[in-house]
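Q: Sequences listed follow chains A and B, in order.
Sequential numbering from 6 applies to the first sequence in this note's numbering.
Sequential numbering from 13 applies to the second sequence in this note's numbering.
Rather than coming from a laboratory, the hints here were simulated on the basis of the structure.
Fair warning: there could be bad hints in the mix.
Unchecked claim - Cβ-Cβ distance ranges computed for the label pairs, FRET-style:
(1) A:129 / B:19: 43 to 49 Å
(2) B:571 / A:111: 43 to 49 Å
(3) B:368 / A:111: 51 to 57 Å
(4) A:140 / B:137: 51 to 57 Å
(5) B:200 / A:20: 37 to 43 Å
(6) B:567 / A:132: 18 to 24 Å
(7) A:119 / B:379: 45 to 51 Å
(8) A:119 / B:571: 25 to 31 Å
Please read all numbers here as calculations on a predicted model, not as lab measurements.
Positions of the beta carbon are idealized from the N, C-alpha and C atoms, including for glycine.
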Amino acid sequence: MDKGLFLRNIEISSQKGRLLSVSHDIAPGAVLSVMGPSGVGKSTLLAFITGTLPADFSAQGTVMLDGHNITDLPAHKRRVGILFQDDLLFPHLSVGANLAFGLASGGTKTARRDKIAEALTEVDLAGFESRDPATLSGGQKARVALMRMLLSEPCALLLDEPFSRLDAALRAQVRALVFARAKARSLPVLMVTHDAEDAQAAGGPIITLQAQR
Amino acid sequence: MRRPVLPVLPALTLLLMLGPVAAGLWGALLPAFGHLPAAGLTGPSLYPFHAVLDWPGLPRAALLSITTGVGATVISLCVVMLLLAGWSGTRAFRTLERLLSPLLSVPHAAAAFGLAFLIAPSGWIARLVSPAITGWERPPDVLIVQDPLGLTMMAGLIVKEIPFLILISIAALGQAQSQSSIKVAQALGYGRVTGWMKTVFPRVYAQIRLPVYVVLAYAMSVVDVAVILGPNTPPTLSVQIVKWMSDPDLDMRLLAAAGALLQLGLVIGVLVLWRVAEGVIAKLGQGWVARGARGKCDPILAQSALFLGGVSSAAIFLGLVVLTIWSFAGYWGFPDAFPDGFTLRNWMRHGPGALAALVETALIAGTVSIVALMLTIGCLEAEYRYGLRVTQRGIWLLYLPLLIPQTAFLPGLQTLMLGIGAENGRFPVMLAHLVFVLPYVFLSLSAPFRAWDVRTGTVAAALGASPDAVLWRVRLPMLLRPILTALAVGLAVSVGQYLPTLLIGGGRVTTLTTEAVALASGADRRAIGVYGLMQTGAALLPFALALAIPAMLWRNRKGLRDG
Numbered sequence: 006m007d008k009g010l011f012l013r014n015i016e017i018s019s020q021k022g023r024l025l026s027v028s029h030d031i032a033p034g035a036v037l038s039v040m041g042p043s044g045v046g047k048s049t050l051l052a053f054i055t056g057t058l059p060a061d062f063s064a065q066g067t068v069m070l071d072g073h074n075i076t077d078l079p080a081h082k083r084r085v086g087i088l089f090q091d092d093l094l095f096p097h098l099s100v101g102a103n104l105a106f107g108l109a110s111g112g113t114k115t116a117r118r119d120k121i122a123e124a125l126t127e128v129d130l131a132g133f134e135s136r137d138p139a140t141l142s143g144g145q146k147a148r149v150a151l152m153r154m155l156l157s158e159p160c161a162l163l164l165d166e167p168f169s170r171l172d173a174a175l176r177a178q179v180r181a182l183v184f185a186r187a188k189a190r191s192l193p194v195l196m197v198t199h200d201a202e203d204a205q206a207a208g209g210p211i212i213t214l215q216a217q218r
Numbered sequence: 013m014r015r016p017v018l019p020v021l022p023a024l025t026l027l028l029m030l031g032p033v034a035a036g037l038w039g040a041l042l043p044a045f046g047h048l049p050a051a052g053l054t055g056p057s058l059y060p061f062h063a064v065l066d067w068p069g070l071p072r073a074a075l076l077s078i079t080t081g082v083g084a085t086v087i088s089l090c091v092v093m094l095l096l097a098g099w100s101g102t103r104a105f106r107t108l109e110r111l112l113s114p115l116l117s118v119p120h121a122a123a124a125f126g127l128a129f130l131i132a133p134s135g136w137i138a139r140l141v142s143p144a145i146t147g148w149e150r151p152p153d154v155l156i157v158q159d160p161l162g163l164t165m166m167a168g169l170i171v172k173e174i175p176f177l178i179l180i181s182i183a184a185l186g187q188a189q190s191q192s193s194i195k196v197a198q199a200l201g202y203g204r205v206t207g208w209m210k211t212v213f214p215r216v217y218a219q220i221r222l223p224v225y226v227v228l229a230y231a232m233s234v235v236d237v238a239v240i241l242g243p244n245t246p247p248t249l250s251v252q253i254v255k256w257m258s259d260p261d262l263d264m265r266l267l268a269a270a271g272a273l274l275q276l277g278l279v280i281g282v283l284v285l286w287r288v289a290e291g292v293i294a295k296l297g298q299g300w301v302a303r304g305a306r307g308k309c310d311p312i313l314a315q316s317a318l319f320l321g322g323v324s325s326a327a328i329f330l331g332l333v334v335l336t337i338w339s340f341a342g343y344w345g346f347p348d349a350f351p352d353g354f355t356l357r358n359w360m361r362h363g364p365g366a367l368a369a370l371v372e373t374a375l376i377a378g379t380v381s382i383v384a385l386m387l388t389i390g391c392l393e394a395e396y397r398y399g400l401r402v403t404q405r406g407i408w409l410l411y412l413p414l415l416i417p418q419t420a421f422l423p424g425l426q427t428l429m430l431g432i433g434a435e436n437g438r439f440p441v442m443l444a445h446l447v448f449v450l451p452y453v454f455l456s457l458s459a460p461f462r463a464w465d466v467r468t469g470t471v472a473a474a475l476g477a478s479p480d481a482v483l484w485r486v487r488l489p490m491l492l493r494p495i496l497t498a499l500a501v502g503l504a505v506s507v508g509q510y511l512p513t514l515l516i517g518g519g520r521v522t523t524l525t526t527e528a529v530a531l532a533s534g535a536d537r538r539a540i541g542v543y544g545l546m547q548t549g550a551a552l553l554p555f556a557l558a559l560a561i562p563a564m565l566w567r568n569r570k571g572l573r574d575g
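Work out the full structure: start from the sequences and follow the hints.
A: This is the structure we're talking about:
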């Protein structure tokens with residue numbers, strides 16, 4: 006089995022010309038950091054992998070996830086989890102309902118409830134099920150967003166500058182938590198960031214995208 | 013919304029919106045040249061145009077359309093721009109904005125009746141100051157309502173267009189970064205009003221240009237307000253077209269068709285001139301900016317704009333009050349400020365009729381608004397899923413049904429239906445309402461729908477939600493408030509429709525608005541009070557619900573309370 010997230014000869018172009026090209030394998034539990042100045046197309050690469058590339062762009066290459074070619078699958082069938090710099094918790098759902106939205110379907114009502122409670126306990130938020138997400142602190146929101154994503158049982162994890170909105174103290178803490186959880190589940194992680202400290206903490210290879218002229 | 017339906021929704025929406033307009037213009041073109049097989053007439057001939065041109069009232073009627081339309085547009089636009097220039101961002105402005113927003117949904121007919129009941133010689137204002145100040149024991153013999161110059165009609169249009177233009181401009185202001193511009197201008201020594209007019213106005217006007225054209229086209233060809241407040245001998249061209257249409261003599265339809273084309277030409281001509289005037293004013297404005305005048309009479313301009321804005325809201329508000337008083341009035345002799353007594357008799361007498369009209373109104377408005385909402389959401393979702401881009405031309409198409417005067421294509425549509433033997437009735441009326449409801453629902457919902465953070469959709473999809481699940485479980489619930497607001501806008505637009513109901517319904521579909529306007533020729537102020545209030549209530553209540561329902565559902569969701 007070829008476990009991991011393999012990016013094969015990916016080339017993304019906009020109407021103005023070629024934007025970026027990447028070819029890299031990410032093993033389970035490993036973190037690939039992609040750095041580069043803003044506007045270089047880091048988020049566009051993630052959009053291509055999640056299957057939400059805007060129509061203005063065209064792309065070539067293959068994305069293999071755990072041996073499956075997911076390049077042409079619709080976004081919701083790819084099993085690729087993503088975290089953005091904003092928590093993007095659904096504001097109309099409680100914390101528990103947000104997690105239930107993420108939790109892979111199936112299982113009895115009690116089993117699902119238990120899984121959600123367990124997930125909240127895992128990030129020190131036990132008993133937060135009925136809370137309004139808007140009333141949580143920044144760190145708490147980030148943790149709920151992480152668990153919501155993990156409950157959907159993704160096979161890979163994408164991070165789009167996920168820590169840049171958090172203040173310095175919180176940042177190291179949340180970062181350590183995200184990497185630890187990803188490692189515990191043996192997820193290949195692709196992180197785009199413009200923060201060298203994030204990339205260093207990830208401990209994996211770093212590729213830097215250059216602005217194309 | 014099954015997947016195969018979604019891609020065709022934009023085309024279907026355009027067809028439903030523009031199809032009747034095109035058909036109606038075609039339906040006016042043939043009879044205007046003497047071709048009306050239903051009446052045994054075959055063309056082509058120029059008889060209809062000759063007949064219209066021979067009508068002695070024509071020059072005056074056409075002139076009235078132009079003066080009232082242009083006058084109402086210029087005055088309301090000036091008041092709104094000076095209001096924004098002098099007050100946007102201040103507390104006084106927010107108060108005014110909050111007062112004006114509900115007034116937007118008050119139907120034109122109800123506002124017009126209210127105004128008439130206020131300023132007529134026997135109106136409330138005259139009663140309040142008589143005989144103490146004026147010494148009048150009897151209503152003075154002056155023609156205020158339905159005055160030959162159409163000034164009262166113009167006033168009726170102005171009080172209704174001011175709230176519309178203000179709310180449209182506020183939406184445009186958000187994109188113009190007006191506050192920083194005005195700060196810079198003030199730091200350079202400009203007065204508030206002058207600084208705003210020189211820096212912000214050009215950007216705001218570019219944004220609201222199409223809505224201004226809509227106001228102009230509407231004001232030039234309005235029928236219900238003209239019937240209630242406008243002159244009679246002759247009436248405006250649009251009113252005369254409707255008179256020709258309702259003549260039992262089928263020949264008169266030829267005149268109506270020719271008149272409809274004339275009305276269309278009139279509106280297009282004035283729109284072209286308006287566009288030319290925009291260029292001239294822009295040139296003059298550039299000179300004004302270059303001269304660097306800092307503005308000397310800014311406070312006076314700002315104060316008078318605030319005064320006029322206040323008067324215009326007060327006119328609608330007090331108009332509704334006096335409608336309410338009349339609907340409950342017992343005997344109310346002239347100089348008395350209030351009736352001798354209040355009674356439920358008026359409501360008992362007119363209640364059943366009004367209730368039947370309310371049911372019809374609600375049925376039509378409800379169906380049309382829900383269909384318009386579904387089509388709008390479908391179009392916007394198709395645009396999101398398939399990455400379609402809306403061009404400037406697309407926006408024009410959206411505004412087209414609002415720019416072409418109702419009196420230009422509705423007569424043709426009715427004649428066309430007559431020709432193919434289609435039955436008048438509720439369903440065609442609904443289709444006609446849809447033409448006007450769709451653009452407003454779309455304009456109301458498109459901005460918040462597009463402003464939704466698409467990353468939320470990416471996250472939901474990454475969590476395994478299908479596109480339909482993202483729409484139903486995430487996007488629509490998050491957008492509940494703007495969706496209900498758009499629905500309320502649709503209901504209010506449908507409730508206020510007069511001409512489509514009258515013409516396409518063939519007089520057989522009776523809504524609150526057709527009933528209320530029909531009362532204009534009589535003098536039964538109590539009946540008008542009852543119908544006017546019911547009409548206002550039918551338009552206002554949905555807005556109240558659109559505010560209350562999300563507030564209740566999301567009372568524990570802080571993240572949705574202000575957005």
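Q: Could you tell me which of the hints above the structure violates, numbers in ascending order?
A: 2
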